[in-house]
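Participant: Keeping the supplied structure of chain U fixed, place chain B upon it in accordance with the hints.
There are 2 protein chains.
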Amino acid sequence: MYSIGVDLGGTKILTGVLDEQGTLQHTLELPTMAADGPDAVIRRMRDTIDRMLDRVGRANVIGIGIGAPGPLNPHTGMVLGPPNLPGWDQIPLRDELHEVYGLPVYLENDANAAAVAEHRFGAGQGSLQMVYITVSTGIGGGVVIDGQVRQGAAGGFAEIGHMIVDPDGARCNCGNRGCLEAVASGTAIARMASEAFGRALTAEQVAELAMRGDNKAQQVLDTAFYYLGIGLVNIVNLYDPDLIVIGGGVARIGQPLFAALLQALGSNYFRRSYGMDVPIVPAQLGAKAGVIGAAALPWLAREQA
Amino acid sequence: MYSIGVDLGGTKILTGVLDEQGTLQHTLELPTMAADGPDAVIRRMRDTIDRMLDRVGRANVIGIGIGAPGPLNPHTGMVLGPPNLPGWDQIPLRDELHEVYGLPVYLENDANAAAVAEHRFGAGQGSLQMVYITVSTGIGGGVVIDGQVRQGAAGGFAEIGHMIVDPDGARCNCGNRGCLEAVASGTAIARMASEAFGRALTAEQVAELAMRGDNKAQQVLDTAFYYLGIGLVNIVNLYDPDLIVIGGGVARIGQPLFAALLQALGSNYFRRSYGMDVPIVPAQLGAKAGVIGAAALPWLAREQA
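In order, the protein sequence lines correspond to chains U and B. In this text, residue positions in the first sequence follow the working numbering: the first is 1, and each later residue adds one. In this text, residue positions in the second sequence follow the working numbering: the first is 1, and each later residue adds one.
Calculated directly from the structure, the hints in this document are not laboratory data. Certain hints may be false.
[As the list claims (entries may be wrong)] Some chain U residues flagged as far from chain B (calculated, every beta-carbon gap over 10 Å): (1) 27; (2) 216; (3) 230; (4) 303.
[As the list claims (entries may be wrong)] What follows is a list of derived Cβ distance ranges for each label pair: (5) U:205 / B:173: 35 to 45 Å; (6) U:212 / B:168: 44 to 54 Å; (7) U:102 / B:168: 14 to 24 Å; (8) B:26 / U:96: 40 to 50 Å; (9) U:215 / B:31: 28 to 38 Å; (10) U:102 / B:76: 42 to 52 Å; (11) B:198 / U:216: 36 to 46 Å.
Don't be surprised by glycine CBs; every beta carbon is placed ideally from N, CA and C.
Only chain U is shown next, with the shape it has when bound in the complex (with noise of 0.2 Å):
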């Protein structure tokens, strides 16, 4: 037996079929071509379902997950305007797909996939208590707590993106101050470079610089691994967590941002206190975690069932 997942991102749908193993048996990618509004995203995301549908056959598949950019509600299973889905205003999503196809339908935040599809198959295996943060043009969390992403009242848990970790620090989309995609993200990063810089450059240019021993772009990194570190801090203290799995593009970074990151918690006083060592490690399942975490969904429910 297989499900589909679909993780549906802002600037593509990548669609797959998973074994009850965890195995991607097959993938499809489109552009999410999302100026285009709901209806026609809609229709691209039906026409990679069906495309994988008919690879396996219908009566194979048990269900259907799919990993969207929040804010969603996955106990309504409404989308519910997410800022880089233009149109996209309170779409039954859940509902429709159920309608078209017949099987159960899941949705769920993608960085709360994300970090079911690590806890299940990825880095955070055997954790009881396990904080997923994405590390991208934006930052998102999911929580695992004892083999369950919390999902909230509302699907809301873990937005740690919008954390406030400076109320002086940079405007975020959100409208507040120093949420911690504002100062640490990879538009962080890329925005901190260009102010310095006086020219545009990507968070990946400013580490190939700071690699290269440039001061400036490591001056920037350096701020965003600082308030990175504060996050880490205020994850500690408000999740207690006994792993914490970074993926997404920044943590491509690597040693040196785990090093800084590992540094802020060494400062954590309830970490001290109780003698804690809390590993913190990089994602293992890459790009590919959203849609394993979505095609997860629907095994998830018929073990809880």
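Facilitator: For chain B alone, kept in the frame of chain U given last:
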């Protein structure tokens, strides 16, 4: 049948007997005299427990619950080294008391115990995702999800007072800067007022002065409320609660505090996006929440068994 609860604080020990309906039948308060060290303090705790056992009859008691200051580990029953209990370092309090009395003994962080009490018998009844915050000389918290107070990997879940809300803020006892407790607790209010007025003032006196129209006092409160507001926005984005219960001495400032917190929450992206209206309500059990919650622990354990 009855349970015995002990609220072990830095200044007093409050012990009581609870019936299954949550009615506190008898209480006894002794000064902690913490400076005498753990052996003397445990002796005094045992005196209060002995008196309660005599009162209701040992055969009628199902167990003993202890609420104590963190850091402690509820899984191992160890008190690790609370700043306001000098000399306590890795004390196996749960096992010591179990050995003496032969009854089941449960150890829980004092804020978690109060959270249990408010959820079961107070302002949090019926909530599926409750965050309890106590704002007093310190700031603590407890999160009750699906009826269970979350303990985390090592007993450090929801150490809300040590969430960093301003990395340039005042130094905290824990060593970090700008912890919520360092900038918004009763102690922080008193410290800011002493600086503003050039003489020692308690948080209560500051609140009284502000009520009578004193601008300087109002500014001190506004600063503390501002940081509490940031803390609340973070709590909503991290725990996505359906209810926030606020207890502790500072909560007695009442309406101006709750108005400021509701205003801060109104600025929260996810709350706005979801159209959520997270109620913020005052705790109902006052200074008895700790002892009631401690005494509730044996009942909870019995239900979950």
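Participant: Evaluate each hint against the coordinates.
Facilitator: Evaluated hints:
For residue 27 of chain U, the shortest C-beta to C-beta distance to chain B comes to about 30 Å, beyond the 10 Å cut-off, and the non-interface label holds. Against chain B, the non-interface label of residue 216 of chain U holds: every CB pair exceeds 10 Å, the least being about 22 Å. With 10 Å as the threshold on Cβ separation, the claim that residue 230 of chain U sits away from chain B is violated: the shortest Cβ distance comes to roughly 5 Å. The Cβ of residue 303 of chain U sits about 18 Å from the closest Cβ of chain B, beyond the 10 Å cut-off, so the non-interface label holds.
Between residue 205 of chain U and residue 173 of chain B the beta carbon distance is about 42 Å. The supplied range of 35 to 45 Å therefore holds. Separated by about 32 Å at the C-beta atoms, residue 212 of chain U and residue 168 of chain B break the suggested range of 44 to 54 Å. For the hinted restraint 14 to 24 Å between residue 102 of chain U and residue 168 of chain B, the CB-CB distance of approximately 57 Å leaves it violated. Take residue 26 of chain B and residue 96 of chain U: their Cβ atoms lie about 60 Å apart, and the range 40 to 50 Å is violated.
For residue 215 of chain U paired with residue 31 of chain B, a C-beta distance near 58 Å fails the hint of 28 to 38 Å. Hint check: residue 102 of chain U to residue 76 of chain B, Cβ distance near 50 Å, so the stated range 42 to 52 Å holds. Take residue 198 of chain B and residue 216 of chain U: their Cβ atoms lie about 44 Å apart, and the range 36 to 46 Å holds.
In summary, the structure is inconsistent with hints 3, 6, 7, 8 and 9 from the numbered list given earlier, while agreeing with the others.
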